[in-house]
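Please build the complete structure, drawing on both the sequences and the hints.
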Amino acid sequence: MHGSQPLKGCLKSPKLLASALVILLSWVCIPGAGAATLDDRIDQLAAEVNDHSAKVEGLQESLLYPVNTRLTVFLTLETRKALDLDSVELFVNDRPVASHLYTPRERSALEAGGVQQLYIGNIESGAHSIRAVITARSADKDFVRREASHPFTKRPGALGVELKLGARAPDFEPYVSFTEWK
Amino acid sequence: MFVGRSLRISLTAFLAASGCMAGPVLAGTIAVPEDLRPGVVRYALATGDAPDAVRTIGAMKGKDAPLLRARVWLDSGHRHQGLEELRRIAETDTYRGKASMLLGRAALEQADSQEAARWFGLAARYGFGEDKQEALYHLADFQRQAGAPERAGKILSGMDAGYWAAVGYGNLASDYARQDTNPARALVALRVALAMTEADQESDRQEDLRNRLLARAGYLAYQNGEYDKAIGFLEKVALDSPVTPLALYFHGLALAERGNHRAAMQSWHRAKKFPLAYPGVADAWIGMGRGYDLAGYLGQAGEAYLAANAAYESERVTLRKLKQQIREKGAYGALVKGAQTSDLEWFLADSRTMQQPRQAYLMDFLDTPSAQIAVARVARLERLDDRLSQEQSNLEVLLSELDHRATGGSVDEGTLRELRTEGNALEDQVEKLLEKATGPAQQRRLAKMERILGDANTALAAVSDVGSGDMGVGDRLKTLLSEIAGYRKRASALRATAENRLNELALAYVDDQDQRMVYAYDKTEQQIAHLYEYLALENLQETSQ
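From first to last, the protein sequence lines are chains A and B. For the first sequence, the numbering used here begins at 1 and goes up steadily by one. For the second sequence, the numbering used here begins at 1001 and goes up steadily by one.
Incorrect hints may appear among the rest.
In silico lysine-lysine, BS3-like type, Cα no more than 30 Å apart, as pairs [as the list claims (entries may be wrong)]: (1) Lys1061/B with Lys164/A; (2) Lys182/A with Lys1489/B; (3) Lys1063/B with Lys55/A; (4) Lys1489/B with Lys1478/B; (5) Lys55/A with Lys1478/B; (6) Lys1478/B with Lys81/A; (7) Lys1489/B with Lys55/A; (8) Lys141/A with Lys55/A; (9) Lys1337/B with Lys1154/B; (10) Lys1436/B with Lys1448/B; (11) Lys164/A with Lys141/A; (12) Lys182/A with Lys1478/B; (13) Lys1448/B with Lys182/A; (14) Lys1063/B with Lys81/A.
It is worth saying that the hints were derived from the structure and are not from the lab. In this text the structure is predicted, and so the values were computed from the model without any measurement.
Right, here's the structure in full:
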């Protein structure tokens, strides 16, 4: 009978085997060196563009956020593995100024000691307040939402406020602390 | 009254106050406090925004600064400076292992294996954690590529369990499978690799590698006639992996060898649900026909072969359209961007990466290193142009605002003079009162007044410092805008070259896929011919009786 022919014939054909092996054997990525010149040219352009961007950003920052009125808010994690940060909302004088939803990459960047510049803006000299609303998942898998506020006085000159999040075992109760950088 | 007066402060005053007229923008204007700078750079590096950190690195201090600076330089195109800095770090005691690791990777990118081996050797000696494991993996792989699997195995045996050791054993298994007629050694290496993956902390990476290792182990066991073992391996492959269709196909083969044709056809039927782009799917379509044939349902076997042929022909039409689109829009637009845009609602889009033909072809295409490099090159240039375009738009808005301010007048000098006089008089009064203050409460109140007046005077000084005028900034903005135009032109020319290279690769890939379909079609035609021949002979036999 025709059906008695060995079934594995279609696998043993060299082309099919080759296509299967291409997938299975492709463990290692060996970058090709053929386009080195093009890559060098792209590198060179990228370097020039990034330097140029730094100049433009500096100029824009100076134009839009003059030193005397500048307020910058940074976010850091104090205890790195205790909180799985979901989102942060930031209010200056009860006005919402920034909100951020965190991707896994951003979370791991914060856990690796990264500092996120959450907000940059202008406020006049005098008394103000910052309020932060944090939603996160703590290390004991509880979903938590916490609000924290910080009154401060802005004087001429740039002011940086560091918003530091943490949670300590055993209850992993989250807390927010503020540090002013003048 | 002081507080009731409105001040028209020109843009120039802002600029003067911020010091941006004083030439190039340097570290002094950075909004990040010194202590936080390394953290900001670390965040930018970890989120893939290293170019954003270029401005910060110059002003960075501390023991982490040189390494962070080198990494930003490397990621932002300043390759030469980055490598120089890394070489300096590699001669010190701080971050020696990390710097050696990065230098090894850079040498590997340039295909300089001798230099890479030297740096990886240092990284393995002085590095820690994942860096050390990666360096050891590369050292083992150099030995393997040089035809010394025993020496590679010796290095791998000294590694910690995890991703890099698993990849190393996976590569070793590939070599054994190629060299040996008996897959025993390869299977042992794959079993070790599978055990090593368990220690990998990155779940996505671990899952992907585990699926590939299982599919390979299943295939080798099947080839060796160990069907139960093969089925055991293949049934552990996840159902949402790019190797799933291939695993299902092998699973069907192993089941068929055990005589379980019905279960074999169920596996092939599941494999058929995947796009034909994935390896194993075209074979599963043929397998269905063979399954019916083996089970004795010859009519359904014929129908299954015809259905397979219809699927291959339809796929060839899809491939022709894709080829046409690549010619019209370029491979980046047709394949990469096209695969990103979908009409699917987001809540239905969970498994779209596995089910959409174009996405499937993109994933399969990107399985090769050369395609990865070509796509990454175009994507990099696209990001560069997006950045420049955004800057251009921002600067144009600023320039128009500057023009508007210039025509709208500037600071009222009379008001400023009046305010300064008023402020000075108040300061004198406070000073006199301070001398006469009797208690700490009075002193505190007067000190507070003094501080408020000081702040006001600082602000007035900034506002009144209208020296060089708006012209300087305007000219500078125009220069920056013309520079941007130049960069965009260069980026566009480079992108055209990069896209051409990607198009060549993509067209060759589509041609290969088309050939694969032609081959599968021919194979099915042969099966149909065999089937008809058999039926004709049967018919003849019946007639003669």
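Going through the hints against the structure:
Distance check on the hinted pair: lysine 1061/B and lysine 164/A sit about 22 Å apart at the alpha-carbon level, within 30 Å; holds. A hinted pair counts as satisfied when its Cα atoms are at most 30 Å apart, and lysine 182/A with lysine 1489/B does not qualify at roughly 42 Å. At roughly 26 Å between alpha-carbon atoms, lysine 1063/B and lysine 55/A fall within 30 Å of each other, so this suggested pair holds. Simply put, lysine 1489/B and lysine 1478/B have alpha-carbon atoms about 17 Å apart, close enough for the 30 Å limit, and the pair holds.
Straight-line distance between C-alpha atoms of lysine 55/A and lysine 1478/B comes to about 13 Å, which keeps the hinted pair within the 30 Å bound. At most 30 Å may separate the alpha-carbon atoms for a hinted pair to count; lysine 1478/B and lysine 81/A exceed this at roughly 48 Å. A hinted pair counts as satisfied when its Cα atoms are at most 30 Å apart, and lysine 1489/B with lysine 55/A qualifies at roughly 19 Å. Annotation: proposed proximity of lysine 141/A to lysine 55/A is violated, straight-line Cα distance about 44 Å (limit 30 Å).
Of the pairs offered as hints, the one joining lysine 1337/B and lysine 1154/B is violated, with about 45 Å between alpha carbons and a cut-off of 30 Å exceeded. The hinted pair formed by lysine 1436/B and lysine 1448/B meets the criterion: a straight-line CA distance of about 16 Å does not exceed 30 Å. Between lysine 164/A and lysine 141/A the CA atoms are separated by roughly 20 Å; this keeps the pair inside 30 Å, and the hint holds. Restraint check for lysine 182/A and lysine 1478/B: the C-alpha separation of about 33 Å exceeds 30 Å, so the hint is violated.
Taking the CA atoms of lysine 1448/B and lysine 182/A, the gap is about 19 Å. The hint holds against a cut of 30 Å. At roughly 24 Å between alpha-carbon atoms, lysine 1063/B and lysine 81/A fall within 30 Å of each other, so this suggested pair holds.
Taken one by one, the earlier hints fail for this structure at numbers 2, 6, 8, 9, 12, listed in ascending order.
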